[in-house]
Amino acid sequence: MIFSFTYPNLPLGELRALPDLVLPVADGLIENGHHVMRFSSALWPAPVINVLVEQFTDDALTEELLKARAEHGIRFGLLCGDDIGDATAAEGGTSRRGANLRRLLPVADFVWTVLPQVAALEAAGAQGSVALVRLGFSPRALNPDLVPEPGLRGFDAVLYGDGTPYRLAVVDELRRRNIACFCLDQASSPPLSWRAMPPQLAGDILSRAKVVIDLAEGPGRRFEAPTRLSRALHNGVVTVSEQLAAGAAPDLQRYTAAVPYAGIADQCQRIIESGMFAELGMAALAKFRQETSMRDSMAAALRLPAFARLAGS
Amino acid sequence: MIFNFYLLNHHETSLNSLGDLTEPICHGLIENGHRVIRFGTELHTAPMVNVLLEFFIDDAFVDHILRMKGEYGDRFVLGLLCSEDPEDRIVMDIFPNRLPNLERLLAVADFVWTLLPVPSFYERMGCADRTAVLHYGFSPAYLDRDLITEPARRDIDAVLYGNEHGYRAKVAEAIRRRGHGCFVTRREYYPAFMTDDLIRRAKVLIDMRRGPGVRFLSPTRIVKGLHSATAVVSERFDTSEIATLYRYTTSCDYADIAERCIEIIRSRQAVGLGLSGLERFRAETSMKASIGRVLRLPVFERLAATGGGAAA
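The listed protein sequences correspond, in order, to chains A and B. So for the first sequence, the numbering used here puts the first residue at 1; every next one is plus one. So for the second sequence, the numbering used here puts the first residue at 314; every next one is plus one.
These are calculated hints, taken from the structure and not from any lab test. We put the CB at the ideal spot given by N, CA and C, even for glycine. Heads up, a few of these hints could be off.
[As the list claims (entries may be wrong)] Pulled a few chain B residues facing chain A out of the computed Cβ check, cut under 8 Å:
{"#": "1", "residue": "E325"}
{"#": "2", "residue": "E344"}
{"#": "3", "residue": "V349"}
{"#": "4", "residue": "I350"}
{"#": "5", "residue": "F352"}
{"#": "6", "residue": "D457"}
{"#": "7", "residue": "R466"}
{"#": "8", "residue": "Y503"}
{"#": "9", "residue": "M507"}
Isolated chain A, as found in the complex (with noise of 0.2 Å):
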């Protein structure tokens, strides 16, 4: 099959954001013998389908989008990176967002999401055509020059994400136990933002940490963040990382070393003095090399039935 990419919904601002979300789905369609666009600045008619990001803020490109469907049989999914919960709670419930994708969600062919939401979804207007698609391993996202000698780590801590205050509390606790902590924030000093770097340049700055931190950007976070995740195991980095509430299932969680928000700067300072954090790191990538396969996880989510009938005709 043929897979075109295509982000009309997006700010040009958000584009560079998507890498952590569009690749690793891309490159698990290739290696499941795919051919994909991962840009194409238009629709295209089938038998090629689009994928789209869910963020449709926009009532007219939302009309747009129907009525390509409708009219010329556009054939499209959607990619789901953000939890759905959040969209259509937004802005006291008035939020386009939500309104817009419970409207593209029925006729939709397909809808992939990376975060545990498939009910949601369903529930939501895209009965039976929901798939969850686990983020794993992948050689093509692996970084071909990790650091495995704990000399060559000269990042004590990097916080992967925006610098909210609940983040921010816990960089302000490792820096007054003298740990150093490295944020890929544009608030922070220097204004680097995770959403400006290139991946190689990320995975450049990742790789040499002794630790990564993956915090929710407030409390009372459902899901994982797996693109964070999923960067930080392909580059070698051990992470640390807020254990999600009692209850949810976690998945790359398994991969880190995750505890309770309070515990964070302990855990951050544990590793680091330990000495063990490049094996502990490699050790991690290990194992989700060993037991997550990004391309069997698109293998799974191309086993909606709406593939069976887009492959055949």
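Based on these hints, arrange chain B on the given structure of chain A.
Chain B alone, transformed into the frame defined by chain A:
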């Protein structure tokens, strides 16, 4: 040796486009058995070798480097990577302190790698013996891993690499007027994974200078296209030693670029041209060998003699 590419003198919006410049060099260093820090955020003393990509518009930062050099001497190895023509006033004068700061650093740099051969400038600066022209060559690690060999899958007609200034816009418009697509990369907006994908799928990659005053071709643009097995149509104007890169492209005068692109797009020979350009480039050049050559500058002999570290 460990090469530390310090990039913090560049604004974060530029990082996206630096990969085409630094990645081939990083690969060449790794192929020569060295380690590379692709995104250094600190300057280091020896045995680390610092490589700073020229764009010094912050006087205080330059003062800091000079202080470090003064304090540590040979124990602070300072290399400069120059990708622009320092005698191109249009580029250098955008920031009035850019050239003066470069000149201050050239006086103390242990080595200078320049993509563009401007020997008179480096002689005038008194650093010719510390300067080497870095010729880009083929690197297996830089090769696009999803090369497209089926003509039907080259769905993009033309990609114009760079920003759509007036001089370039005329060519893009001429191609569009004839009914073909021409995508302009606008590296400040589109992340590399998108533009790389377009180049990979293009029938033709257009390599043009910014305007008639420019003296040198762009090795990074041409080499990007070649590593994607995409036919490169180059504006022919450069007569310097790096004009050897035209051997792997279809080169022509400015006035003929649009027509030449359209011929290739319509001929259905684009994939063959791209693949033959790549094969010739692969056979005749090597990034590993190029880096090997620029590592023969005196400072590296000194570093090698001291076991990778500078004089203690």
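With 8 Å as the cut and Cβ atoms as the points, is I350 (chain B) at the interface with chain A? 7 Å, holds
Quick one, is the M507 (chain B) hint okay against chain A at 8 Å, beta carbons? 4 Å, holds
Identify whether the interface hint at Y503 (chain B) stands, where standing means a beta carbon of chain A within less than 8 Å of its own. It holds, given that the least Cβ distance between Y503 (chain B) and chain A is near 6 Å, below 8 Å.
Per-residue hint verdict: R466 (chain B), partner chain A, C-beta under 8 Å: 6 Å, holds
Can you verify the interface hint for E325 (chain B): is its Cβ closer than 8 Å to any Cβ in chain A? Holds: closest Cβ of chain A sits about 4 Å from E325 (chain B), inside 8 Å.
Just to be careful: measuring from the Cβ of V349 (chain B) to every Cβ in chain A, is the smallest value less than 8 Å? This interface hint holds because 7 Å falls under the 8 Å limit.
Interface restraint verdict for E344 (chain B) against chain A (beta-carbon cut-off 8 Å): Violated, because the Cβ-Cβ distance from E344 (chain B) to chain A comes to roughly 12 Å (cut-off 8 Å).
Less than 8 Å between beta-carbons is the criterion; does F352 (chain B) satisfy it with respect to chain A? 4 Å, holds
Close enough to count: is the Cβ of D457 (chain B) nearer than 8 Å to one in chain A? 12 Å, violated
In the structure shown, a violation is registered for the earlier hints numbered 2, 6, in ascending order.
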